[in-house]
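Chemist: Protein sequences, first through last, are from chains B, R, P and X.
Going by the numbering used here, the first residue of the first sequence is number 898, and it counts up by one from there.
Going by the numbering used here, the first residue of the second sequence is number 898, and it counts up by one from there.
Going by the numbering used here, the first residue of the third sequence is number 898, and it counts up by one from there.
Going by the numbering used here, the first residue of the fourth sequence is number 898, and it counts up by one from there.
Don't read these hints as lab results, they were simulated from the structure.
When the alpha-carbon atoms are kept at most 20 Å apart in a straight line, the in silico SDA-like pairs for lysine to any residue are as follows: (1) R:Lys-952 x B:His-925; (2) X:Lys-952 x P:His-925; (3) P:Lys-952 x X:Asp-928; (4) B:Lys-952 x R:Asp-928; (5) B:Lys-1081 x B:Thr-1115; (6) P:Lys-952 x X:Asp-900; (7) R:Lys-952 x B:Leu-931; (8) P:Lys-952 x X:Phe-927; (9) R:Lys-1079 x R:Ala-1133; (10) P:Lys-952 x X:Arg-934; (11) B:Lys-952 x R:Arg-934; (12) R:Lys-952 x B:Asp-900.
In this text, all values refer to a predicted model and were calculated from it rather than measured experimentally.
There are 4 protein chains.
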Amino acid sequence: MADEIGVGLVGYAFMGAAHSQAWRTVHHAFDVPLTPRRVVLCGRDAAAAEAAAAKLGWAAFETDWRRVVDDDEVGLVDICTPGDTHAEIALAALDAGKHVLCEKPLANTVAEAEAMADAAAAAAERGVRSMVAFNYRRVPALAFARSLVAQGRLGVIRHVRAQYLQDWIVDPAFPLVWRLQKDKAGSGALGDLGAHLVDLAQFLTGSRISGVSAVTETFVRERPLVTSSSGLAASAGASLGEVTVDDAALFTARFASGALGSFEATRFAAGRKNSMRIEVNGSAGSLAFDFEAMNELHFHDHTLDPADAGFRRILVTEPAHPYVGAWWPPGHGLGYEHTFTHEVRDFLVALGEGSDPAPSFADGLRVQRVLDAVERSAAADSAWTVVPN
Amino acid sequence: MADEIGVGLVGYAFMGAAHSQAWRTVHHAFDVPLTPRRVVLCGRDAAAAEAAAAKLGWAAFETDWRRVVDDDEVGLVDICTPGDTHAEIALAALDAGKHVLCEKPLANTVAEAEAMADAAAAAAERGVRSMVAFNYRRVPALAFARSLVAQGRLGVIRHVRAQYLQDWIVDPAFPLVWRLQKDKAGSGALGDLGAHLVDLAQFLTGSRISGVSAVTETFVRERPLVTSSSGLAASAGASLGEVTVDDAALFTARFASGALGSFEATRFAAGRKNSMRIEVNGSAGSLAFDFEAMNELHFHDHTLDPADAGFRRILVTEPAHPYVGAWWPPGHGLGYEHTFTHEVRDFLVALGEGSDPAPSFADGLRVQRVLDAVERSAAADSAWTVVPN
Amino acid sequence: MADEIGVGLVGYAFMGAAHSQAWRTVHHAFDVPLTPRRVVLCGRDAAAAEAAAAKLGWAAFETDWRRVVDDDEVGLVDICTPGDTHAEIALAALDAGKHVLCEKPLANTVAEAEAMADAAAAAAERGVRSMVAFNYRRVPALAFARSLVAQGRLGVIRHVRAQYLQDWIVDPAFPLVWRLQKDKAGSGALGDLGAHLVDLAQFLTGSRISGVSAVTETFVRERPLVTSSSGLAASAGASLGEVTVDDAALFTARFASGALGSFEATRFAAGRKNSMRIEVNGSAGSLAFDFEAMNELHFHDHTLDPADAGFRRILVTEPAHPYVGAWWPPGHGLGYEHTFTHEVRDFLVALGEGSDPAPSFADGLRVQRVLDAVERSAAADSAWTVVPN
Amino acid sequence: MADEIGVGLVGYAFMGAAHSQAWRTVHHAFDVPLTPRRVVLCGRDAAAAEAAAAKLGWAAFETDWRRVVDDDEVGLVDICTPGDTHAEIALAALDAGKHVLCEKPLANTVAEAEAMADAAAAAAERGVRSMVAFNYRRVPALAFARSLVAQGRLGVIRHVRAQYLQDWIVDPAFPLVWRLQKDKAGSGALGDLGAHLVDLAQFLTGSRISGVSAVTETFVRERPLVTSSSGLAASAGASLGEVTVDDAALFTARFASGALGSFEATRFAAGRKNSMRIEVNGSAGSLAFDFEAMNELHFHDHTLDPADAGFRRILVTEPAHPYVGAWWPPGHGLGYEHTFTHEVRDFLVALGEGSDPAPSFADGLRVQRVLDAVERSAAADSAWTVVPN
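The following block holds chain B by itself, in its conformation from the complex:
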């Protein structure tokens, strides 16, 4: 019988719901060394937090995250709030000896991210673990892609082509939600979408981005102010407010390994709903992936006879594929939420082993430094900007 670990969840919107599903499910699908107990959910509005706790399956609710951090029943704090609060909560939780799972981007600034990475490293010395929630690493197709690269199946990597395309704010009447405000979100498409691309590109290639040249744009500079919101939905009034983040960010990049990268994150790609596309070309093969068809990986083996070769559509639903053995037979695909179940599974396994899970806060910092370089380059007429190591 597995031991239990008490979990405290801070934030209960989109990410809070996704993480809740993971905490409810992980031990039913996987053999994990610790069974999560859903101790407490925290949100600032008491009525909403109470309702969310009941709906999402948490035993209690709180309105002050400090009480979650201080709760003796809580061994792991899961941070699902906007980026402006990540650092404060995470530092307090680590200081209190609680393991921390923190949503991405790790923080809104490099300074915050550095403090978090330092604190995480110090905490790890005491056996306190932390992980940043780049959930897309846990898409089976992308985990499998990483294994192909690691095995050398792609040879020397020449190109990474990564695009994260959405369209939910194409309409200028869409309201000014928190994700469009720099003080809450840090940045726009760049931090929300581009952060995933940067982490994945570094994860898949095993090489870090060493420099960038960027442009960013805000196509719609004023939007109606939000009058009320609930979950993902928001109502708008007649008054307008300023959009203070980017609508789109594009950058070219070089990797330490010598590969070239092309990156684009936008919320203005009409018709693309959650198209996180990544293509990697190497001297021995290539990979292509689109999250809109998340159970498929396209792999070209360049070592085959050219007459026989082509991108093969691998349905990443075989028992031998990462995470898949815990679920259904081949061809019975998984969905978005499984990425979170896999994420907390890996965290629980790391806790059981006493090892540091990945991606670490240091990985999150590495992403943050790239995002920061992108913003600096964009502000400097696209000048080439080295990313500090």
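With the hints as your guide, set chains R, P and X onto chain B.
Modeler: Showing chains R, P and X alone in chain B's frame:
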């Protein structure tokens, strides 16, 4: 606060695991009038049943399904056993006043299915509800497809083209599991896969299949006997046994509406893992779907200017699509298991409303009659065989 | 310097234009032992034939095909007329010692096809060659598919799934052109489209269809009479006439090898323009093709590690692929008309070698026998109908 | 009866063969005001030029392009040589009053391109016409895409995403052909592939690129020297030479209209053969195209009900689509070479009308200025570089 309903699950293999996930999840994703309580899981092997109950999240276990049916805590019996036991369990459960969810195909013979449909109709008079688990009706893309047809967007239906292609027994060394034995499974690809196609074709078109002409084949007639099995995995010995079901079944069909149908179910389509494909052509439009890309529906609107027209890939992940509003933002796809969550959601809603859920046992009987006609046609040199109404 | 061969073309509509393009082009793309000279084009209407000869690049025109057959300058007669005239023209041409290329289906009846095959065999004894124009064998992707099957890359063939889907007569107001009249066309979708499927299925598998069970349907039984026509376009009046051919034909089949087949030809698949789709499943691999993407062949190698396997999209545009070396670099696709250029190339090569080109009139007869069995089965309530060898 | 125009072709390799096919075919497919007569083909090697003239269907051959320009029979000079000779030949031809069709990129330098554009403008005053051969504008799908944009179907353009991916030099043993030498080719992937992207992006959007930030790379810096070559094939020896052009070029861009662009041209995308992909996102819709499936255009209409919307795969093979009416019925796709036939068709139509064909040398210059800005930006650490108007 929703009332509870106690659920008893009979069977704990592939379908038992899928249904368990649904019962654990439904009330966290949807507003349902009754919250399911997972009272008891039943299996013949005590140790395995106990382990399954613990793993899948059921409060207790039993080894005799009659005790589940008699359990006062159980208000709903969920039958996930092989088809040879469906009738006996379902009849007993309905007789005991328990609502019944029964896996497909409804039964192994028309006679059994008729008895079940009769019992279900009688039970419904007493407020006892039943449903056959054709889960693919609850794929959002297919529920949406039905709404397009019902709205007349396809005009007069001319063609249905339905194929369910798998490849898990291509290798002759694959062992003689229960699904390859007529006494357990009733039939092979026909009942396992073809049953889904028949139900979906009738569901999508709103018209029943009135006649068929069929061929069936068993490509590999002897296979190694199973020496031990666990979940989906089975070990094989050196002794061979006879395969007593079809490996593949093909049939042409006519619908009462005048449409033509082409059906194929096979476990010998190398490279197709769970390709349940269906295409519908009408005078005003067409639909195409493949479960291997379950979040997509391809729709051609034939009323458009031809220069502008083409199959459009609708990502069925919009809040306005069936079931989707309970889950994630557009483009964040769902997986196989969601079909079961949607299924029990609809059952619970029907219980709350005091209405009969669909597909009913009568719908299951309608499918059984088609399968029976297919087998009779195949045995009679493909002679056209009318399906009784 | 290659010798010349004089070509006489009978018919100048769709097929006549396509063949003309081939005769104009073949020697510029390929090294052929004989350079075709476009001697004469024949059509019943003098003005139209004269215009067509000028436009399509023929030196002269005729209105009586017998004068083409008798023309000393003509060494090869290319028959592009409706099926009711094939036998008479071909027999006369072979009798006159002219090589014959004849459009498909070979004839409108088995009796005619038998006479043609007999005449062709007799002519071959005298060095006079004949070929039936199943042009789709010359799609590079399909020629390559055949080579994969012939090499054993698919193992034992289990399934052939072949569909030819068009939609040009979905609208009931579309006029009663010759292709909808049995006395001209022989049959409808069956002979026009299904003939291609039957030939391809037998070609790809290397096995003949031994029996069938069929249904056919005419959805729209009366259509406006044609008042005038030009090329592919036709004008319709107010009067209606009877459609005397099938709109759709579906059949199941068995191959001599033991494989099962599923066939469908229809002109009522809204949104499908020229979707000739064929999928072959074997014990060692599978193939899939759709003419709407004619430069692609999808191949699944079932001998690979399952985690690595999937249908690969082979762009059949490599120099090593059949016919491709004569054209453009990889990725620069070919079009429909190239199939005809490849066809006449192979005919000219056979003439140079003094060998019999394929598909022969005997192959055309084999197709005709299958089509005939389909019609007989459909007329006999889908009864299984053996195809004579 | 159409008048004739004598054509002189300079160069007979890949482009010469493609243009020859067009000149042989155009009047048989289209009604053109002038029928091309293939007067003379020119190449430096007499034997090779003679053979090419015979094979490609030209009446005579020459070894000095000046004799072609001076030939009274020649009314139009078609330049298919490497870029280093374009300016000299074109200027001489225009000066001699010959219409000029010139392969892209227009020239190897901006200075040359300016001289050519000036000469073309002056010649146009005298009724002498010129055109640069950006053949991809004549892909029916792209010509149709332009019409959709021009009609406002995409609304305000926000993003252009353009990639031209090939893989023919992935292998370091591939020899140092002229396309890899700066003095012959001007640049590498940038001029060969990127030039097409730039022209298409400006063509499709109707807006010019106003600034860029770029990186370029040469992954393999030395390659075996060519010992002999024939057509597209080349043999290599043991000696190495320096690659003096880019293997890949990436740049971000801004359009005068306010749209953002992302561009990439590479010869190192293993598995991509001729993947010229372009995606355009606007406020009212989006387009996506890949030349590897050249008969398809994917169009998303963002004004539809979101539940109904998605990228539709338009088979651009309808009579109403640009150029298609001259060819085959719907669904019978065209190939690469048709783009050239369409190109010369449009040139002949312009000559008949006495109008200037597009793209003009001024359009070619506009592309050259973008390419030049790309190179300057890449040389200046990706600094934003304004493109002169």
